[in-house]
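Let chain Z serve as the given structure and place chain H on it in line with the hints.
If you're matching them up, the sequences are chains Z and H in order. 27 is the number that our numbering gives to position 27 of the first sequence; each next residue is one higher, with no gaps. 1029 is the number that our numbering gives to position 29 of the second sequence; each next residue is one higher, with no gaps.
FYI, nobody ran anything at the bench for these hints, they're computed from the structure. C-beta: ideal position from N, C-alpha, C; glycine also. There may be inaccurate statements among the hints.
FRET-style restraints, in silico, Cβ to Cβ [as the list claims (entries may be wrong)]:
(1) H:Lys-1328 <-> Z:Asp-81: 48 to 54 Å
(2) H:Ala-1020 <-> Z:Gly-127: 28 to 34 Å
(3) H:Ser-1386 <-> Z:Asp-65: 50 to 56 Å
(4) Z:Gly-127 <-> H:Glu-1295: 20 to 26 Å
(5) Z:Ile-164 <-> H:Leu-1013: 43 to 49 Å
(6) Z:Thr-128 <-> H:Gly-1276: 44 to 50 Å
(7) H:Glu-1295 <-> Z:Thr-128: 28 to 34 Å
(8) Z:Leu-172 <-> H:Leu-1013: 48 to 54 Å
(9) Z:Thr-105 <-> H:Met-1346: 55 to 61 Å
(10) Z:Lys-166 <-> H:Lys-1316: 35 to 41 Å
(11) H:Ala-1377 <-> Z:Lys-166: 27 to 33 Å
With a straight-line cut-off of 27 Å between C-alpha atoms, the simulated DSS-like cross-links for lysine-lysine are [as the list claims (entries may be wrong)]:
(12) H:Lys-1314 <-> Z:Lys-74
(13) H:Lys-1133 <-> H:Lys-1058
(14) Z:Lys-74 <-> H:Lys-1396
(15) H:Lys-1133 <-> Z:Lys-60
(16) H:Lys-1392 <-> Z:Lys-99
(17) Z:Lys-99 <-> H:Lys-1300
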Amino acid sequence: MKGEQFSAESVWGNSCEVDSSFSYFLKSGSGKGKSTFSAYIMGLRSDYSGEVLINGRNQKEITLDEWSDLRQSKLAFLAQDMRLFPNMTLIENLLIKNKLTDSKTEAEINSMLQALEMDHKKSQMAGTLSLGQQQRVALIRSLLQPFELLLMDEPFSHIDDLNIDKALKIILNECEQQKAGYVMTSLGSNHGIENNKTIYL
Amino acid sequence: MINKAIQRTQKPLILFLSMAGAVIGMSLLMIVTQVYTNLNLVKQGDSGAINEQFLVIKKEISVMNTMGASSSSFSAEEVEDIIAQKFVLDYAPFVTGRNFEVFAEMGLETGQKGSSLGFIESLPDKFIDVDPKDWTWNEQQEFIPIIMPTSFLDMYNFGLAESINSPKISKDMAGLLSIKIRIKGNDLQGLYYGRVTAFSDRINSALVPLDFLSYANNKYGSGDQDEPSKIIIATANNKDPNIAKYLEENGYETNNEQLRGTIIERLIQPLLTFTGMLCVIIIIMTILIFILYGEILIIKSKYDIHVLSLLGFKWKAISKVFNQFFLKVYGVITLISLVIFFIVKMLVDNVIKENLVFDNLPIISWQTILAMMLFLAMFISINIFSTRKQIKKIAKAK
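The shape of chain Z in the complex, shown without the other chains:
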């Protein structure tokens, strides 16, 4: 990804560039537009004035099929509200995403689950998991694809510190393997990670 630019007319009054060779920490208070930021990048919303360019292309001109391609193999996303399929089991939720690109082996998936202490819940319906458990599953799911940029919208809001460390390890490991960058949004603390850059909203 070469870069994104937000022009000066945006609500945030800023222009910024996100380059996948870096990692970013998006800092803002509540209601300042963190989820909106993700929504623009993932093509979920286009209600902005100004310009959003994704790989040099105008966000508003990208077709639905092109978005599917981007979401499949370039942009990974962990939504704030997780968005699992409640009527499928934990493992089915992961496999349905993994099958799209055959990104990881079952063994690799299992080891990620083990690392986050979730492998004993594999056959449980995702709708019956606790929020913290769901978040861990959603996190793993977001890594089951090739990507150049990983967007995480408040990824640790329901997870305790011990698991945050483990989760971060997995994320950073994956990003390094894929030579990808990430953008992490959070209400406050950056969880002790060293990010290369900070974006303010």
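Just chain H, lined up with the frame of chain Z:
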């Protein structure tokens, strides 16, 4: 796997009811179409031994000829005028027996004998569409071949047979019967045997080979050949409007009224048309219900469709899953409709066969297949189109 993501959002009962509606619509459509085409076949009739494009013409019976004021036969001038018409390709008068009596006797199943005074007529061979070797007669021959009007069979089956509780006779069975024919005239009597070789619903009296009639006229008959009261013409196209015009202008008529087709047209066809319209209404309603069901199904899966799109699934792949489900449903509907159709068809065909003595009913006519295909095509295409539209919309939105 998308199937699972799309959840078990269906209520089986509602799906079942929608399908039931579609089955009713479809099978009703097929049945009505098939009955309509069957009756059309019966209506066109089985001209049998007389070719389609021959017309039998006679004069309208009016007060004038009953009172003797005008003739009910064709004069030489009238005949010349008819022959002169452009639509007449060929012509022949019906030849009748001259002044002798004919008694026909038939043995019935119950042992009774039915006999009646009848008359026989003949036409030149070129107007008869029977295998020539079946339509000869000479004195050494055992049987006289006869072409019987279908109305005689109908009359027997619906009149006599019913009243004496005798079984009905089919056309094939009639061909096996032997008819005793007694001819009286010129103080002579003769006994002959006849067999029905063929049927036609274009005539209303029994026909015998010209050879036999000439022989009978010579032996038993007397007097000159009268002016014909019935003639037959060959046309290029019976439906030529010029023909109807000419007939009407001159007070002539063909024997259409005796054709059983008219009965069908007047009584049954209106009923069918009404049922057909009812059918169309039912079909429209079932299509509506089905489409609504499909839309509800998709709306209930809105969250899942959106998440799938977010994960990177293409909207076409998602809509394919729904459409495959609908196609399966249509497959089941078609199968059940076909079963119902064939069962009902069997019943209706039996009614037609028994009551109208018509045998050549097809298993399924192309019109019915066409109706079925059109119904399905319309149904499926509306459904698929609205499904894709809906899913694309959902996949796009937040």
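Hint check:
1. H:Lys-1328 <-> Z:Asp-81: 48 to 54 Å: violated, 34 Å
2. H:Ala-1020 <-> Z:Gly-127: 28 to 34 Å: Distance hint for H:Ala-1020, Z:Gly-127 holds at roughly 33 Å.
3. H:Ser-1386 <-> Z:Asp-65: 50 to 56 Å: Hint violated: Cβ distance 20 Å, outside 50 to 56 Å.
4. Z:Gly-127 <-> H:Glu-1295: 20 to 26 Å: holds, 25 Å
5. Z:Ile-164 <-> H:Leu-1013: 43 to 49 Å: The hinted range 43 to 49 Å holds for Z:Ile-164 and H:Leu-1013, with Cβ atoms some 48 Å apart.
6. Z:Thr-128 <-> H:Gly-1276: 44 to 50 Å: This hint is violated: roughly 55 Å between Cβ atoms.
7. H:Glu-1295 <-> Z:Thr-128: 28 to 34 Å: Holds: the Cβ-Cβ distance is about 30 Å, inside 28 to 34 Å.
8. Z:Leu-172 <-> H:Leu-1013: 48 to 54 Å: Since Z:Leu-172 and H:Leu-1013 have Cβ atoms about 52 Å apart, the given range 48 to 54 Å holds.
9. Z:Thr-105 <-> H:Met-1346: 55 to 61 Å: With Cβ atoms ~60 Å apart, the hint holds.
10. Z:Lys-166 <-> H:Lys-1316: 35 to 41 Å: Holds, at about 39 Å.
11. H:Ala-1377 <-> Z:Lys-166: 27 to 33 Å: Cβ of H:Ala-1377 to Cβ of Z:Lys-166: about 57 Å, so the range 27 to 33 Å is violated.
12. H:Lys-1314 <-> Z:Lys-74: This hinted pair holds, its Cα atoms lying about 15 Å apart.
13. H:Lys-1133 <-> H:Lys-1058: Distance of about 30 Å is beyond 27 Å: violated.
14. Z:Lys-74 <-> H:Lys-1396: Holds: Z:Lys-74 and H:Lys-1396 sit about 19 Å apart, inside 27 Å.
15. H:Lys-1133 <-> Z:Lys-60: violated, 87 Å
16. H:Lys-1392 <-> Z:Lys-99: holds, 22 Å
17. Z:Lys-99 <-> H:Lys-1300: With Cα atoms ~25 Å apart, Z:Lys-99 and H:Lys-1300 stay inside 27 Å; holds.
Consistency with the previously given hints fails for numbers 1, 3, 6, 11, 13, 15, ordered from lowest to highest.
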